[in-house]
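Peer 1: Listed below, chain by chain, are the residues.
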Amino acid sequence: MSLQSPLGRVLGLGSAKDGTGHWWAQRVSAVALIPLTLWFMFSLLSLPALDYATVRAWLSFPMSGFLALLSVTVLTYHSYLGTTEVIEDYVHSAGMKVLSLLLLRFAHALVGGAGIFAIMRIAFGS
Amino acid sequence: MPARARPTSPHLGIYQWQIGNSLSIVHRLTGVALSLGLVALCYWLVSLAGGEQSYAQAAKLFASPVGLFGLVGWTFAFLYHLLNGVRHLFWDVGYGFERTQRHVSGWFVVAGSLALTLCVWGLIWAGHRS
Chain A
197 MSLQSPLGRV LGLGSAKDGT GHWWAQRVSA VALIPLTLWF MFSLLSLPAL DYATVRAWLS
257 FPMSGFLALL SVTVLTYHSY LGTTEVIEDY VHSAGMKVLS LLLLRFAHAL VGGAGIFAIM
317 RIAFGS
Chain B
180 MPARARPTSP HLGIYQWQIG NSLSIVHRLT GVALSLGLVA LCYWLVSLAG GEQSYAQAAK
240 LFASPVGLFG LVGWTFAFLY HLLNGVRHLF WDVGYGFERT QRHVSGWFVV AGSLALTLCV
300 WGLIWAGHRS
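Protein chains in written order, with our numbering: chain A, 197 to 322; chain B, 180 to 309.
These are computed hints drawn from the structure, not numbers from a lab.
C-beta atoms are modelled at their ideal positions from N, C-alpha and C, and glycine is treated no differently.
There's no promise every hint is true.
Listed next, with one range per pair, are the computed distances between beta-carbon atoms [as the list claims (entries may be wrong)]: (1) A:Gly-291 x B:Ser-243: 33 to 41 angstroms; (2) A:Leu-209 x B:Val-245: 41 to 49 angstroms; (3) A:Val-287 x B:Trp-196: 31 to 39 angstroms; (4) B:His-267 x A:Gln-200: 14 to 22 angstroms; (5) A:Gly-210 x B:Glu-231: 30 to 38 angstroms; (6) B:Gly-252 x A:Gly-204: 43 to 51 angstroms; (7) B:Gln-232 x A:Asp-285: 17 to 25 angstroms; (8) B:Phe-276 x A:Leu-241: 30 to 38 angstroms; (9) B:Ile-303 x A:Asp-214: 28 to 36 angstroms; (10) B:Gly-301 x A:Leu-203: 27 to 35 angstroms; (11) A:Leu-299 x B:Gly-252: 42 to 50 angstroms; (12) A:Phe-238 x B:Trp-286: 22 to 30 angstroms; (13) B:Val-289 x A:Phe-262: 33 to 41 angstroms.
Covered, in the sense of this in silico footprint (three residues per stretch, anywhere, with C-beta under 8 angstroms from a C-beta of chain B), are these stretches of chain A [claimed, not checked]: (14) 219-228; (15) 287-299.
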């Protein structure tokens, strides 16, 4: 006889090893990205040109910089959640899974971090 | 716990391709494509922060045939993922599960994302000419 409860036996099973946390975070970031990405697209489309001076002037506005910062942050988070799910589904060997999830996390920190830092440099004029 | 042969789902090959599963797979594909697009977006931002010269270099890269192909592809991927994502959110709160609703919303996503991609690049093209 096992002293483990039926719930205890199933916790941590499945390819993701956790429950609804990942799913919920994906939905929350998805909802946030609807206005953020639409704002980003319409802002770029409404600029008279995409030359250096125009884009730089646009991103130097506090509101543009702030919303761009939020956009890149949430995009990176949502992208990280989504690609993590893809790896969990399709990479089956345990070693490769850990390695690719590690690389994926580093890649997102690198790319998102670089994007956020770039927006800050423009906002603070350095 | 003894290892038992657990029931597994049948191989994908036995299923008939339909609008539902096709759109689901395209949602995932566009998601992965958009993750690569995020790399391009951040590269563009870094080039903008780096000054006029690095921005000109990035602009040249994006204006090349491969760059344009990427930009048009990412536009479609973004619009598709956005529209189909909203479709998923409706399901999450419990709406739109009926067969007709699923099919109509699915085809709406396909037509909408293609039409909006044309609109966006039509606007860019018109702005470029004037």
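Peer 1: Would you say the C-beta atoms of Phe-238 of chain A and Trp-286 of chain B sit inside 22 to 30 angstroms of each other?
Peer 2: holds, 26 angstroms
Peer 1: Can you tell me whether the CB distance of Phe-276 of chain B to Leu-241 of chain A sits inside 30 to 38 angstroms?
Peer 2: holds, 35 angstroms
Peer 1: Does the beta carbon distance between Gly-291 of chain A and Ser-243 of chain B stay inside 33 to 41 angstroms, or does it fall outside?
Peer 2: Taking Cβ atoms as reference, Gly-291 of chain A and Ser-243 of chain B lie about 39 angstroms apart, which means the hint holds.
Peer 1: Take a look at whether the Cβ-Cβ distance between Val-287 of chain A and Trp-196 of chain B falls inside 31 to 39 angstroms.
Peer 2: The hinted range 31 to 39 angstroms is violated for Val-287 of chain A and Trp-196 of chain B, with Cβ atoms some 25 angstroms apart.
Peer 1: Against the range 43 to 51 angstroms, how does the distance between the Cβ atoms of Gly-252 of chain B and Gly-204 of chain A compare: consistent or not?
Peer 2: holds, 47 angstroms
Peer 1: Confirm or reject the claim that Leu-299 of chain A and Gly-252 of chain B have a C-beta distance inside 42 to 50 angstroms.
Peer 2: Violated - the Cβ-Cβ distance for Leu-299 of chain A and Gly-252 of chain B, about 24 angstroms, lies outside 42 to 50 angstroms.
Peer 1: Gln-232 of chain B and Asp-285 of chain A, beta-carbon distance inside 17 to 25 angstroms?
Peer 2: violated, 43 angstroms
Peer 1: Please count how many residues of the segment 287-299 of chain A have a CB within 8 angstroms of a CB from chain B and say whether that reaches 3.
Peer 2: violated (count 0)
Peer 1: CB of Val-289 of chain B to CB of Phe-262 of chain A, is that within 33 to 41 angstroms?
Peer 2: For Val-289 of chain B and Phe-262 of chain A the Cβ distance comes to about 35 angstroms; the hint holds.
Peer 1: Is the distance from the Cβ of Gly-210 of chain A to the Cβ of Glu-231 of chain B consistent with 30 to 38 angstroms?
Peer 2: With Cβ atoms ~51 angstroms apart, the hint is violated.
Peer 1: How does the Cβ-Cβ distance of Gly-301 of chain B and Leu-203 of chain A compare with 27 to 35 angstroms: does it lie in that range?
Peer 2: violated, 55 angstroms
Peer 1: Between the segment 219-228 of chain A and chain B, are there enough contacts, at least three residues with CB-CB distance under 8 angstroms, for the coverage claim to hold?
Peer 2: This one holds; 3 residues, not fewer than the three required, reach chain B with a Cβ under 8 angstroms.
The structure is inconsistent with the numbered hints 3, 4, 5, 7, 9, 10, 11 and 15, although it conforms to all the rest.
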